[in-house]
Structure formats: structure tokens, C-alpha cells
Amino acid sequence: MKRTYINGVGCISTQKTFDTVFLEEAVVNHNQNVLAIVPPVYKDYISPAASRRMAKGVKNGIVASALALKDANIENVDAIITGTGLGCIEDSEKFLKSILDNNEEYLTPTSFIQSTHNTVGAQIALLQQCKGYNFTYVNGAVSFESALLDAKMQIEEDEAQSVLIGGVDENGDYTTALFKLNGRIKADNLAPYDLLNSTTSGAVYGEGASFFVLENERKDNTYAEILDIAIVNTLEENEIEAEIKSFLKANNLEISDLDALVLGFDGNADFENYYRNLAENAFAEIPQLYYKHLSGEYDTASAFALWMASKIIKTQEIPEIIKVNSVEKPVYNTLLLYNQLNGKNHSFTLISK
Amino acid sequence: MSKGVAITGMGIISSIGNSVEENYISLIENNIGISRITNISTIHADVIKVGEIKKTNEELVEELQLTEDNNFSRTAMIGTLAAKQAVENAGITSINEFRTGLISATSVGGMDMTERHYYDYFTHPELIKYITCHDGGDVAEKIAEELGLKGIVTTISTACSSAANAIMLGARLIKTGKLDRVIVGGADGLAKFTINGFKALMILSDDFNKPFDNERKGLNLGEAAAYLVLESDEIVARQNKKVLARVSGYGNANDAFHQTASSENGDGAYLAMKKAFDISGLKPSQIDYINVHGTATPNNDLSEGRALKRIYQDEKVPDFSSTKPFTGHTLAAAAAIEAVYSVLAIQNNVVYPNLNFENQMEEFDLQPQTSLKNKNIEHVLSNSFGFGGNCSTLIFSKS
Chain A
0 MKRTYINGVG CISTQKTFDT VFLEEAVVNH NQNVLAIVPP VYKDYISPAA SRRMAKGVKN
60 GIVASALALK DANIENVDAI ITGTGLGCIE DSEKFLKSIL DNNEEYLTPT SFIQSTHNTV
120 GAQIALLQQC KGYNFTYVNG AVSFESALLD AKMQIEEDEA QSVLIGGVDE NGDYTTALFK
180 LNGRIKADNL APYDLLNSTT SGAVYGEGAS FFVLENERKD NTYAEILDIA IVNTLEENEI
240 EAEIKSFLKA NNLEISDLDA LVLGFDGNAD FENYYRNLAE NAFAEIPQLY YKHLSGEYDT
300 ASAFALWMAS KIIKTQEIPE IIKVNSVEKP VYNTLLLYNQ LNGKNHSFTL ISK
Chain B
0 MSKGVAITGM GIISSIGNSV EENYISLIEN NIGISRITNI STIHADVIKV GEIKKTNEEL
60 VEELQLTEDN NFSRTAMIGT LAAKQAVENA GITSINEFRT GLISATSVGG MDMTERHYYD
120 YFTHPELIKY ITCHDGGDVA EKIAEELGLK GIVTTISTAC SSAANAIMLG ARLIKTGKLD
180 RVIVGGADGL AKFTINGFKA LMILSDDFNK PFDNERKGLN LGEAAAYLVL ESDEIVARQN
240 KKVLARVSGY GNANDAFHQT ASSENGDGAY LAMKKAFDIS GLKPSQIDYI NVHGTATPNN
300 DLSEGRALKR IYQDEKVPDF SSTKPFTGHT LAAAAAIEAV YSVLAIQNNV VYPNLNFENQ
360 MEEFDLQPQT SLKNKNIEHV LSNSFGFGGN CSTLIFSKS
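Going down the list, the protein sequences come from chains A and B.
Reminder that position 24 of the first sequence reads as 23 in numbering that gives the first Met the number 0, one-by-one numbering, no gaps.
Reminder that position 302 of the second sequence reads as 301 in numbering that gives the first Met the number 0, one-by-one numbering, no gaps.
What the hints contain is simulated information worked out from the structure, not anything from laboratory work.
Do not rely on the hints blindly, as some may be mistaken.
Unchecked claim - Straight-line C-alpha distance at most 20 Å; calculated SDA-like pairs for lysine to any residue:
no., chain 1, residue 1, chain 2, residue 2
1, A, 93, A, 172
2, A, 96, B, 41
3, B, 174, A, 2
What the hints assert, rightly or not - Quick list of simulated restraints, FRET-style, between CB atoms:
no., chain 1, residue 1, chain 2, residue 2, range
4, A, 40, B, 92, 53 to 61 Å
5, B, 27, A, 172, 45 to 53 Å
6, B, 264, A, 52, 20 to 28 Å
7, A, 38, B, 371, 57 to 65 Å
8, B, 206, A, 107, 21 to 29 Å
Said to hold, decoys possible - What the simulated footprint calls covered on chain B by chain A, stretch by stretch (three residues with Cβ under 8 Å from a Cβ of chain A suffice, anywhere in the stretch; the number is not a length):
no., segment
9, 140-149
10, 164-175
11, 248-262
12, 381-391
Because the structure is a prediction, the values reported are computed rather than measured.
All C-beta atoms in this analysis are idealised placements derived from N, C-alpha and C, irrespective of residue type, glycine included.
Starting from the given sequences, assemble the full structure and let the hints guide the process.
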């Protein structure tokens, strides 16, 4: 069975995560409950004419995938697998509004086409003329992990030697307003927003596109090996620790073998005990990291976490800004990522140098 | 060559029936489900014909015995009905007894609720519960909850090939030993959003759809849900389960030609079929029936036909038909209902008629089977293609 290596990364996020080494320019925004991406120079990657017609998610996906391919030093991949919570939601909003506002008349198909969830993966395939396997997963907080699991299976079974995977989501104004209404996003008047000491429900929201080139061989530029991924729909707070222990055991590891634990703290006080219990008990002696104060929360924010974890293993450095506790380790070789949303869609991703 | 992954249960609801049996009877008795739309108010109601399930949301709520404060979309309700049938059909009583997953498919999730309440959320607090329905994963989430399934749950959305890809992933999860059992399929309810999208693309027919006919004018949209239960050989042996048929081949490829149109030569379709043959170890000549994607749009049927000609070269293309004249194009559910129809074709040794066909297309000499035909069926190939150049092929075989 072939092993899976991360050999290239590309990240467009609410921080400057391109043209940088590793989060040295990162800033925590305490004043806003919805964070916007730091845009790259699109014209370096996409012709301005094409760019004008493209959805934000498509553009960010194209740039992040181009960065990942360049980083991996390869031009083509055998398969493209993406994950997205809501797809190109701005186009969905636009098409739906024109249906409702114009009583189903005078419609053009462009925004309907872009609203299709697999648009980003399809556009990348079209640009690269990649005729291989092309899947898109849309299952909330495990959309990206589903893509990762699928890609690992493709490589293990020798169906593909190289796979481009990515998680991409974009903010849409109306959807953001709806999410404030239903409590998914924190209320407007609660600033300053502090994710780790939050007593309110809802999250600070964000958007982004993080792409990775996975290959079946270790190279000089390899970031990390993907050891295992597990997705579990439903777990109670008191089941998490046992679940992690058995997941680690299946990989011949124990908690003490971990050099860091990356947690999906998003400031939602209603469900933070899923993380808090681990942080304060079984994992108290393990360096703990968080990221959603930098990336914002969104369905595929966990792809940002994998980007961050990959960088940590490569640079052997943990920026102060992402530390939950002050525990340190001499090396950072084996990392576990844990994420969930509202007590559902739990994912565990294990990577190693 | 492996014998493929066992199918041990099926469930379906479509415009031609509320159960596997009802769907089969409709298929062999030419009972079509294409009619005028009644459950959604749309200005196109007198122009388009659709494959609509003639149950209101209220009736579905009652059938599922949902509480008043439920926030099920129509898609989630028909999905739950079909998935429950499949689980029951497979004789599963304890859903988490083995490593069990759910891989679902949908194109627009709970869009039917989003479009109904979009501007009312701010003034009607009682509607706020429907906001989360919009999420593509909400349908699978609801089904998992209703089944009490706790393990891996995920959703694939690759437009009209979505359910084929869900079946494919499920088969791979069983084959690689990652799961013992998996419920796979898809659900899509009719929505104004989709109707107007296809209308804007100008690929809706104002008449009954005529796949592979020279004068075909486009597709009829439909709504449906279907799920199948796949189980490992170990469980099948241990529980002495009846195997309905097997998923013996699968392939996915991208046409990489255009966001909504298929290439003239059907590159993606050709590659998907080729991969499926490679996986199954079968030769094209071993296929007894092809359930074509056959949407009846000028573009799809031309591209698919060309791809079939490329696969079969000088050989005769086997009996083929599109079942979309019965059901309409049910988008992300299409490959799931057609998987059920493929299994039924194997079980009953029949080829369904391609209704409404009159004149052969001028581009090639492909003539679908136009009447019900009884013959031994060992292997069925089923195609599904979607926007974004997404092409998928599944092969089902007698166990």
C-alpha cells in the first residue's frame, strides 16, 4: 500500500498566507465577526477577462491550486478532489434573488452554472486539462476531510500517483446576514471577539481556499505524510477522548507520542467543551494550537489548519500567535488535528514528518 | 478479477412509484411519471413537464411522523423515506452494529426551503430553523439522524453524476475494508432554482423527453431519492444475506471541455466507461444492457452516443435505453434510481423501453430498445454525466 505525502501547499485566507514564510505577518482581528480574505494579485494567475466572469471561490481555488502545484514543482495531477460547504454562495444568492425579484423572468445562466458545487474542481480541471478523477464533497465541516480521505484511498490503491485536493468557501453578504440571524455567526455588538475566552454562542466567520498536492512518494520538498483520517458524524463530549485514543492506537501511537494537537476552537461557547475537555485533561502536557482566530470559522476552515500543521512540520517552528498553552516540545514531527461543528461532523487528521 | 461489492438492500421514491416494487411495475407497464407541476408555484407551470412525486410536503411529514418543529426540506424527506426502505430491505436492525457509513448525493440540498423562505427569515422567526437546510450536507445529516447512524457521513455534489459517485465511493470504502457496510445514493427535490437554471440554459423540453431521437428537444426535470445498501462479503457470509446484485465496475473522469456542455467526442464519457471496464475486468461485449444517461438534450445524447461508438468500435452496441422518459432527469438522484433500475433489470432479466423514440439520430446508427424485452441479463452498465464535465459509469452484475 502506497503512502501519502503532502508535497505542495497553497493557501488564500483571511491572513497573508502567500508570499510569506509562515504567519509572520498574521494579525488577530478582534473587532469583526466576519473576516474577508487578503486577496492575491489575481492577474498573475488568471487573465482579467476570464477573472471578471469568475466567482470569488473559483478565483481563489485557481490561485491556491496554482500555488500548491508550483510549490510541489509539478504541472499535472492524476485527480482533483475538492471540498466545499456552500460552494460559490455569492452566485447562488445572485441567481436566487433574480428569480425572486424578477418573478422567474429575464434570467441568464451564468450564476446558476457557477452555483453548482463542483464548479471550482471543474474549472481547475478545465484549466489544467485534467481528465482524471474529479470529485466534490459538500458535507459541512467534513467536506475537506472527505476529500482528503478519498485522495488517500486513491493513492493507497494506486489509482492515482498525484492528487490535488482543496477546501474552498466564500462569504456571501445575504448568507452572512442569515447566519447572524440563526446564531451561526456571533452577534454584531459583541466585540472585542476573543475565541479562547468566549462566553457567547456563534463563531467569528471567515473564508478561504487551501489546496495541497498529495503524492505517493517522499521528495526533498515533502512537508509531511498523511498517516490517517477519521470522520465520525456523531460523538458525545465524553466519547471524544476514547475515540482519539483508539484512532491513535490504530496507528500504533499514544497521546504522549504527539508533538502538538491542533484544535478547532471557534469561539462558540455552546460546543467548546469538545475541545476544552481534551485541552485541560488528557492533552494537558501536549502543545495545543488553534487557528480560527486567524482564518475565521467556515466549513472548510480545517483545510487552513492542515496548511498550518504542514508548515509547522516543515519549519519546526510554532508561531506564538497560534498557541493555546505554553507547553513546548523539542521537535514537531507528529501532529493531530481535531475539528467538529456543533457537536457533529468530527474529524481527526494525523500527520507526521 | 473480483466479483464486486454486494448490494443487499434498495429503497426508492420517484414520480413512478413510492417503493421498489411500484417503480418496477411502472417500468414494465409503461406508466410514465411526467406531468404538470403542482407542488411548486412557478410561472413555467403551463410550459414545462416534470417528473414530480405527487405527495405534498405535509403528506411527507405525516408519512415520516416528523414532529411539528422539524426543519426537513422536501429533499431530506424523500431521501429519508428511500434510505429507510433500503435499510429495512437489507434486513438491518442495529445500524451501528458494524462499521456503517452513509454516502449521499444532492445537487442543491434544501434549496426548496431556501427559495420558499428567503426573504421572510427576518420577519418570521418561526422560519429561522430552515436556514441550515441550505447546506448540501443537511440531507445526509437528517437521514443519518433518522437512521440513528453515527459513523462516517458525507455528501458528494458533482451535479447530475453525484449519486453514481456516491455509489462508487461506497464500493471503494467496502473494497478497501474501511467500512463493513455503507448506505449509498442520492436525493433531489424539485426546486424553482433548478427549474429556472435549466430554463435559462435552454435545455428544458416543453414536451415529453425523447432520448436519442433525432428531434429531441431537451429534458424534463424530475425529483426522486434512492439508496442502496452495500455490504462486505464477510458480513454477507456471516449473516447469510441475500445479494441482490453486485457493483462490479466504476469509473469517473472529467471531460475538461466546458462547464455545462459535453465534448462532441464524449472524451469524459469514454474514459469513465473505459475505467469501469478495467475495474470490473469485463469486456464491453459482456454487457447485456446499457442504462444510458440519455437526458434527451441535443448535446448529451450526441456526446454519449459518440462515446458508446468509441467503446464498441466495430462491435454492436448492446440493447440500451434511457429511463428518463419515465422519471424525468432527477439530477443528483438520477444515478441512484437508475442503479435500482439496473439491479431490477438483472433480477428480472428485462430491458426497459426507451419511450418516445421515433427517429434515429442522423449522426450515428444507434437505435435504443423501444419495447420491453425479456432476456438473460448478467451485466448492466449505467452512465451518468454532470455539469463541470463530470462523467461516471457504474457496472452492475448478477451475483
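Checklist entry - What hint numbers does the structure not satisfy? => result Hints that this structure does not satisfy do not exist here, as all of them hold.
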